[in-house]
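Colleague: From these two lone chains plus the hints, build me the complex, please.
Chains as they are written, first to last, in the numbering used here: chain P, 78 to 1049; chain G, 28 to 552.
These aren't lab readings, by the way, just hints derived from the structure by calculation. Careful: at least some of the hints might be erroneous.
Derived list of chain G stretches under chain P, where covered just means 3 residues or more per stretch with a C-beta under 8 Å from a C-beta of chain P [unchecked claim]: (1) 54 to 62; (2) 98 to 105; (3) 141 to 151; (4) 196 to 208; (5) 227 to 241; (6) 416 to 422; (7) 441 to 455.
Remember, it's a predicted structure, so these values are computed and weren't measured experimentally. Glycine included, every Cβ here is placed at the ideal spot set by N, Cα and C.
Listed below are the residues making up each chain.
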Amino acid sequence: MSDSLLLLSLVALPFLGALAASLLATHARNAAAYLAGGVALAGLALVWTAYPTISQGGVLRAEFAWVPQLGLNFVLRMDGLAWLFAGMVTGIGALVVVYARYYMSTEDPVPRFFAFLLAFMGAMCGLVLSGNLIQLAFFWEMTSLFSFLLIGYWHHTQAARDGARIALTVTATGGLCLFAGLLLIGHIVGSHDLDVVLASGDAIRNHPLYLPALVLVLLGALTKSAQFPFHFWLPHAMAAPTPVSAYLHSATLVKVGLFLMVRLWPVMAGTDAWFWIVGTAGLITLLVGAYVAIFQHDLKGLLAYSTISHLGLITLLLGLNSHLALVAAIFHILNHATFKASLFMAAGIIDHESGTRDIRRLSGLNRTMPFTGRLALVAAAAMAGVPLLNGFISKEMFFEEALSADGLLVLPLVAMLASAFSVTYSLRFIHGTFFGPDPQDLPRQPHEPPAWMRFPVEILVLGCIFVGVLPAATVGPFLDLAARSVLGEATPYYSLAVWHGVNLPLVMSMIALGGGVVLYMALQKHLRSGIEGPPLIRRLEGRRIFERALVFLSWRLARRLEGVLGTRRLQQQLRMVLLLALAAGGFAAWHRGVGPGNLVPQGVDPVIALVWVVGAACALGAAWQAKFHRFAAIMLLGGAGLVVCITFVWFSAPDLALTQLLVEVVTTVLLVLGLRWLPKRMDKPGATGVEVVTISRRLRDLAIAIAAGLGMAALAFAVMTRTPPDLLAQHFLARAYTEGGGTNVVNVILVDFRAFDTLGEIFVLGAVALTVFALLRRFRPAPESVEVPEQQRDQSARDAERPDRRDGDTVADWLLVPSVLTRLLFPVICILAVHLLLRGHDQPGGGFAAGLVASIAIILQYMIGGAAWTEEKLRVLPLRWMGTGLLLAGGVGLASLFFGMPFLTTYFAYADLPWIGRVPTASALLFDIGVFALVVGATVLMLIALAHQSVRGHRAERRAETAPRALVPGED
Amino acid sequence: MTHLVIAPIIIPLFAGALMMLLGERRRVLQTALGLAATAALVVVAAMLLLRADGASAAEVQLYRLGNWPSSFGIVLVLDRLSALMLVLASVLGLAAHVFALARWDRAGAHFHPLFQFQLMGLNGAFLAGDLFNLFVFFEVMLAASYGLALHGSGTARVRAGLHYIAINLAASLVFLVGVSVIYGVAGTLNMADLAARMHDIAAEDRALLETGCAILGVAFLIKAAMWPVGFWLPGTYGAASAPAAAILSLLSKVGIYAVLRLWLLLFGDEAGASSGFGGTWLMLGGLATIAFGSLAVLATQNMARLAGACVIVSSGTLLAALGAGQVAVTGGALFYMTSSVLAIAALFLLIELIERGREVGADVLAVTREAFGEGAEEEYLDDDEEIGVAIPAIMALLGLGFMACALLLAGLPPLSGFLAKFAILAPLIGTGADGLPATTWAVLAALILSGLACLIAMTRVGMDAFWAAPGPPPRVAMAEILPVAGLLALCLGLTLMAGPVMRYMHDTAAGLHAPAGYVGGVMRP
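Isolated chain G (complex conformation) (with noise of 0.2 Å):
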């Protein structure tokens, strides 16, 4: 079963190929193919991850393609971190997929194919092993990904898509120019091996090469839409249709992903004298998107703009408490990391069914009545206003769903979001006599405004969509509500099976910190 870790890879590989066989006539097979790729996917990430699981804290899973040496050839690497990102991706591809079946996935040409070569890019940017391998797997992913973001056209969806188009285009050729000047002066792509030369890269080249992974820092920063380099983000996910808005809610921690193996492989403690490079600008930059995203959340009246700017929150806590350097602090950001991808992800496809049953632009109103509405008072109610209203099941459903989101988001419990935060400021705080120095209080101060920020506005347009205005009861097909309840209880999960999980976590960032097992195992003859 050595095989299986090229699994994630090779299943939408071939699915998508054979979905463009079939044409887009045949729908009912083209969808089977599709949900049974998905629903393989998953139990494929969840084998693997078990198996990541079960190795020794040092060990990886080593796959040579074309039997080729690791000196020379391109390999896939499968530690804790890859399982754990396979996991999530092939979890929000089945939810995503079922959402897309019950209307979305006829909105457009060819969203079988494509939403199968999604996954493959990410699936294979999580295991790729070899810088320019990791190139390739990214264009993949953000090839589908114009058109995922393009699907169901119209003029907002393909004006903000065209935007995502340019930025990416930009993003890829900076990408290119990094991985050229890393591969001119260390002579390798192979990413394990370039841990391994770091140390002795003569004095007079050591300048140039970490010119070279600043550049391809940027390259990632900008998918990761840090501020001021992710300004793309709020409009491209807002416009996309919702299941592609789901899954590239991903894609964002794909550039948060390379970051985290990069920068803690080439820099760690053993880099010699590049130990460490970048970290203070990691922080800081996470810092200034949290306070850019926070900012955004309040600022944006449009649900789904509101969301995009989670994400953007989410990146910048992420990149800051990476910048931090402690194993137990990312341990945490993964925690953290996983909640927030599930719960942007279910909010995604949440706000499309609240907007469906709302006009267009309600959720506009919702700030002025709020800026405006201070002078009604209404002190004494009337009797008949002494009686609830009986809530449709469907908004409450809909209603308790976006509850937990605004919940997951703001940090609050009893979801994961609150554990989540604790799990990176707990460590981050530590112990001691002293007091604490000021970058702490400045994550500190950052992760509790922020969901203070988050819960101010997903208040203000959750109050708005259902209790002040709510239009009439949409119409929801069981495969739209389910992918919604089945992230949303996988955040529950994390929180009751919290202690298994932030031991995978902690387990996974010792394994990142103590990149000598990664090397060696890669490297291995």
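Okay, chain P solo, but in the shape it has when bound (with noise of 0.2 Å):
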């Protein structure tokens, strides 16, 4: 099998295995469980068809292209350590499967289990095969993930979602800074290839960033391995099912970090910051573990933190930048998994088999499952260091690099102290367990397990003899390819065997064996007591603290910053919108400073300038008036447009001014139609005294309004005083007529050189209208607004006090001059739009004016005859108008594309029509009328929409009284 195919199955078999998983029936456990169980035995022998190669110091390496631009390649790369840790992760993990299939209930929906955990498994393999760091980092998230979904498994219990969530938010915020961690190596060595990266030890370890790079890496590897202060993740975790805490806190997930360290060592190591900063958590760790440990009363709480202790000594022997000091860690890291998975699973089996894990409701098991009672003896013998198990030999080599560590003191005697309370946890698991009384009402009678249940304990404590027993001959040949694959010729002499003499580290085992012993038998009242945590540091909880640390950070500083920082009023935002414009053009025209302009200002004409007061005082009076009398407020805008269609008169341009005049009649129409349906705002003087707030308030804006009017009018000056030398107006002035058929040029603009925007304008104006439709189609009026208004309840009360006249005959009087009058300029007014419309290309005018006239023409219709008259005599389709416009438009412009031109190429002809004579054509024409017809179309639909608000108002009124119709296409 070559090496890529090797590799790549390596770590795609589990996930493959996840996702067929996921597929099963949501009982099928054997079929989940012999799935999980075949991908893990497979990874396994993969990992053993390496090791041949491995064997010769050889290196498995398979690379594929991946994001090769950031240098980026999904890299699989098997050394030493590689090897041994995939034969971890396999092996163990083959082990939990059979594990698991016995220990979760008949009812658990098991597939979703096995496809967590082979996911897991699969980042795992990914992550200890990464030849890339930041494939690494990559894999490290998963595994964060993945453990995330174990430990939430039963994540209908509080408890299993805190510890999901709380194992997840620590780890994953390792995991970050990991991650820049690594990117920052990447700066200083210019590749994250791992070979290049290990080749570069030196180049690391002497940049300025090194400590950043560092601080941020260990970050990442403390958190995963719950290193102090990061350890309170852990314990949390034991939520979780006991394969998982089996699974992950044996030997996969918290072993991460430490294989991180491992792999960097040779390149980050060997220096004061490493040794102090690994070197203090691991102490810490080791010590306050141990210490914790003592006084758990939950089975899985203990060997939580006797886990945390453990991997403390781990770390702190990788921080003593000491070859031999790597040998033992990678050693133990090895026995720690055995020993310790196998705890785990005995802790499951007397949970399954007697209901609980507490010691102070256990005693005595050894009676009803002796079996399951030694497994666990010898277990707990090797994690408390006991000769001729494997965990005592480890210790031995832990208590000699303590001891040859330069001049300090405090190692031995802390790593003495830890090793003492190991001794007594791990007694008090096994004699708080299986000894004593017989137990009192458990809730369940405690019985031995299934055999395939003890089955994978047994095989884990055959390895704990056997290494214990004949170190060199089992475990040394491994142990020796991963420690070489690290530290390469630098690999120093060490010997494994069970007897060294008589010498220091011995001793120190003695004394810790026998203070472990005397300890526990001292403890024992207190013990027995049943308080909860350990004595003096009972309030110190990491997770409360952290807890609280969390929502103060992400919930109460985040919501309070976020309302200083932001605003959710639209007056506010309003504000910075006009600021940053402000601020943004004043500083770019202040940072370099505007020149004078090529052109002379002319003087000022009195006249248009008196008229120019006239419209300021027209805007300035629709502000003041805008909050409380909003007609008045309508009607001064009127004004301050209509004195802009003078100025576009005065400047000889009559295109503007028609449009102009026209969009202001309409809209304001329009406008006052909707005023109808605003609730009144009324003014109380004098009801508050206006206050020192409001007033600095309102004085501030109108600082920023007169900054910002201000502004404008600089910019405008600035700009109207200039003209560039080749400006686009020149090239429409010399061909409207030649290129474009007509002597109007700015509608030869609009239709013809420009004819796209103002197609886009007419599909601007559309979809306007269809959301003014919509929204008002569904528009409920305000509680105030309902009623009739003021005026006709007046007119009303008028009626009812004369005899003569009926209730609401002044309401539904005609306006009569008016309305013969509108009736008889309406085909008039008809005549004026198709004019306007046709003689727009050369003279002023243009479909658009002409949809304006035309639809002022039904506005008109609407206003004086009301709309169920008007609908009665005139049908107005408004959306077909607008399809057919938009239809129109747009056929044209295609139409050029079937004659090989670009869309809306125009053609230009004359015409010889009968009588008519010879008559200009352009197929600009045709998109006019399209303009026209969607102008028509739009106006009327938005006028309709507030017709019959009316309409629905009456009928609300007088449901009874007539059927309602339906007026507008589409509308039911």
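Modeller: In structure tokens:
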């Protein structure tokens, strides 16, 4: 089998297995277990296949192109260390699968469980085999993710949710730090490839970014491996099903941090910073973990803290900057995985068969579960470091290293103390559970588990014994491979033997063993009292501090800051828009300084100046009245618009003036019609005195307004006093007649040169009309606007007073003279519209203006005649108009495609019509007709939407009187 | 097939216009027409992408409307960036459209034509080669988006929608002011022509031109929701109906697109004295936006608002990355944009499905539960609690989708979010024997911390919705789950096919940073 296929299948198989497992039926427990077990065993077999190469000191490597632009290739690389870890991940994985098959309840939807487990296994394999640092970070976060899902597997319980969330938050945060740290290493080395990085140790250690990179990488490693002060997530992760704990917290998840430190040891270790950070974290964790473990009443809790403590031990070894210590660390990683996995499984068996894990309730199980008891005894003894078991040998190595670390007496002392603690908690685990009187009222009658459930424990315990008795023959070669793959030539001489003669480490071991037993006996009374938590540091609970900090930072503080830095109020948002535009424009202008223009301004004509004074007064008045007198404000706005219109005329822009005038008329009418439905705002003068805050706020807004106005004026002045050497408009003027076939340049621009803009704009108008219609159809007026308006009420009241009139007579009265006039005017206005439309290409006019004129004709009928009357006589189907207009305008554009010309290419010719003679016809005229139809349709649609608001209002009043009729196409 | 360039505009144009003629009663016909149009858009956009990619780095496809020369007519320009945006718009359009067919298209009047106009506006904005034409398509896009934001009515929607309209009208005004100043000084509206003239602008006019550009930039930044002018975004997007929100989420990227296009075009290396104008401010604004967005992500309890806050973070990230002004970083930013656009759209669609099964305001309790539930000590589980709960298939699917979105937005593997952040950071950090400049540190910290904020907030909300208090499984139509799955599958595709995708992005960025090719391509006689 080729290397690349082997490595790839080692990583891919678990993921494929996970996918397959997730597709199984909810309760297909056997199928899922066989699948998972098969995958794990296949993985193990693959690892074993690689042994011949690895044992020769070779490295398997497979590279697949992934993102070559970023120097990121998918590199799988297996050396001794990776091989060892991969073996551990798949081997213990297979045992855990067997165990889980019997542990999980028959009703449990286990395919999900096995799917997560396999995916996690895949992420682990990917991680240990990563030959690229970024890829390592990639799989690193994936292990966080899947461990989150595994820990939260029993998500219906609060404990599982909390445990999962805390684990994810801590480890994923660490992972993000690690990612940053690895990026920095990439900066230093110039590559993320592991081989390159491992060859650049000196460059890394001497780089100015070494310390930040180190801190970030270690943040990742220490959080993952539950080192102080990030250890608190691990005990809470015990809410996971026991097989998960056995897998994650013995061989895999928590070892990942250690793996990373070992992996980068050759390039990052060896400095004081490394020694102090890693060593201190390890030392504290070792001691605190062991101390707290003694006082746990939950079997899994005890094992969790003991795991923390052992991880601390390994971390401390790694921090010592000694080659021998590194070997010891790798050895202990292996040993810890075996005895801790078996202990977790034993704890799970006890829980499973007796119904509780509380040491205070358990006792004397040795009589009902003798075989399990013996297995647990051996494993616990290995944990305590009893001779002839694997834990003893690595602990001896640890003592030796602690002694040889230069001049620090504290190390051997702490090592011995922690070792004594480990003896105590191991004793407690065994003695408290299996010895003593028969247990009282356990939830279940304890008995031995099914043989297959015990099988994985047996295998692991056998491993403990074999390694403990014959270390050099069993584990020696493998350990050597791993150590050599890290240290290479620098691998020191070490001897794996049970007996090294009577030396200081042995003495220390004996003292620790004795001390631990004595301590256990001394603590009997305290432990039996059942008090929760360890003495002295009971109140210092990492989790609580973490939760408080998290809630404060991620919730209270964030909320407060969001409130300060942001706003949900429209007024403030608009203010920010204005201020930012002012600041940006002002800064840009000031930064370089605007020079003088190349045109000389003309003198001011007093007439137009006077008109502008009127316009400005109107604008100011509109702003002044906008709050309480909307009607007045709209009228004044109209006044300002008229002044603009006059200005256009003054400067000889009749097209603009015409359009402006028509737009003013239509918008004013529509606005006023809409005003009816806005709730009235009453000014209550004198009700509350104007406060200082309000005044200052208004003054500030006034200042902003003035600044914006002045800025705009200055900008306009600056632009209008200069003309660029080559202006677009010159092209238009030169070509309007010769190439566009029209003398009205504005119109030629609109329907020819820049017809595409016009096409877009009519779609804007169409979309706005649809929006207005859709909005108003669902519109329910505010309660205070539902009633008949004040004026109508007055008139009706007058009717009621007079005997000769009936209620509603005045309101229903015709405006006789205006209605006659408007009816007479209707055809006239329509003809005017057509006239404007047709002459548009050469003289002021055009489709847009014509459309507005036509819609004014219709608006007049609605205003004077009322909606019902008008619609009886004149059915305008606005959607048809709009659709037709848009299609026509678009179709004209499309037609040119059939002549092989680009979209919207115009055609121009003179047509000989009977009677009329030669008429200039441009395809642009058709386009203009489309514009016309759209404008009519859109305006009328908005008008109808407003008008029918009143009709609905009246209908609500007299629901029974007339049956409603569909008045608008598409409206029921 | 030169006319293919205009197809992304005229397909929705005619579809929308026809729909208005058909009227709302012929719903089946309208629906079929709409589906055909959106599907055709995807095909056309993909073809254009291939065509743009086939061209050499500097080459652009030019389409002269009305057959007028570029010097004064309107032109459409297709380069790699436009093609990429067209693909994004059409894919999002198809997803949102299919999603809407399950129920949302009947929640109010005229959904179908408005939706087509929305796509038309987006596509037009991406193709426009002329500033005023860009404005026109901005308006088409906005006018339709007003309708879509209000689609479905309801107090919250109308309130947020009217805010949105007010802000955007102000932004349009600012846009117009900027364009007028630029036209008044430079004498042209054609973007390529403008870029060509940039170098030789008279000294006394340069400041004025830059003022116009700065004001124009403000308009784009309002759309991109930069701090402090982006507060409108979470409310509007959060209140909009799901398919509308999904398509609106691309609108903020139009602001980014405009900045990317114009800033690199007008203020590139060939812009003489103006070269690099405003880059620092983009970077600073981006960082501030990331910070504010992260706070908003943490501070919100409502899922839809949370997604809105994620849009802000994504905008900020893009602005900061663009502000760096390096080719490779821009390439990474484009990858990030693609990934985050797809993820956020999927999230908006997903949230509606999740919320459907839950009581109103259920997620409000998520934080409070976390904050005050810490006293609940459950050390030992009862036996019946040690049995897993089967998750209904539909909840499992939704949960999986939500998790995927969370991973994408937090920048965690295995989906493309992780690679996207790496693609920005790796070239930004670069290699060297020295330390890093402060801005690089700031961007690094901002990206990492914003990812963390997303992770914390989304875990909080997601655990509550799926684990702690799952409502009854919602009734979800196939047409609703498929678009979400499709969008997320694309993200997975981005991860697997990262090599070719990144190659395209880098080519795009190289073209953008060397505007001479664009200018030459547009202005050729």
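Colleague: Work down the list of hints and note, for each, if the structure agrees.
Modeller: Hint by hint, here is what the structure shows:
Coverage of the segment 54 to 62 of chain G by chain P is violated in this model, with 0 residues showing a Cβ closer than 8 Å to a Cβ of that chain against a need of three. Note: the segment 98 to 105 of chain G has 4 residues with beta-carbon separation from chain P under 8 Å; the three-residue rule is met and the coverage holds. Here's how the segment 141 to 151 of chain G fares: 5 of its residues keep a CB closer than 8 Å to some CB of chain P, so the rule of at least three is met and the hint holds. Counting residues of the segment 196 to 208 of chain G whose beta-carbon sits less than 8 Å from any beta-carbon of chain P gives 6, enough to reach three: the coverage restraint holds.
With a threshold of 8 Å between beta carbons, the proposed coverage of the segment 227 to 241 of chain G by chain P holds, since 11 of its residues qualify and at least three are required. Coverage of the segment 416 to 422 of chain G by chain P holds [criterion: at least 3 residues with CB-CB distance below 8 Å; count 3]. Check result for the segment 441 to 455 of chain G against chain P: holds, 8 residues qualifying (beta carbon to beta carbon below 8 Å, three or more required).
Hint 1 from the earlier list is the only one contradicted by this structure; the remaining hints agree with it.
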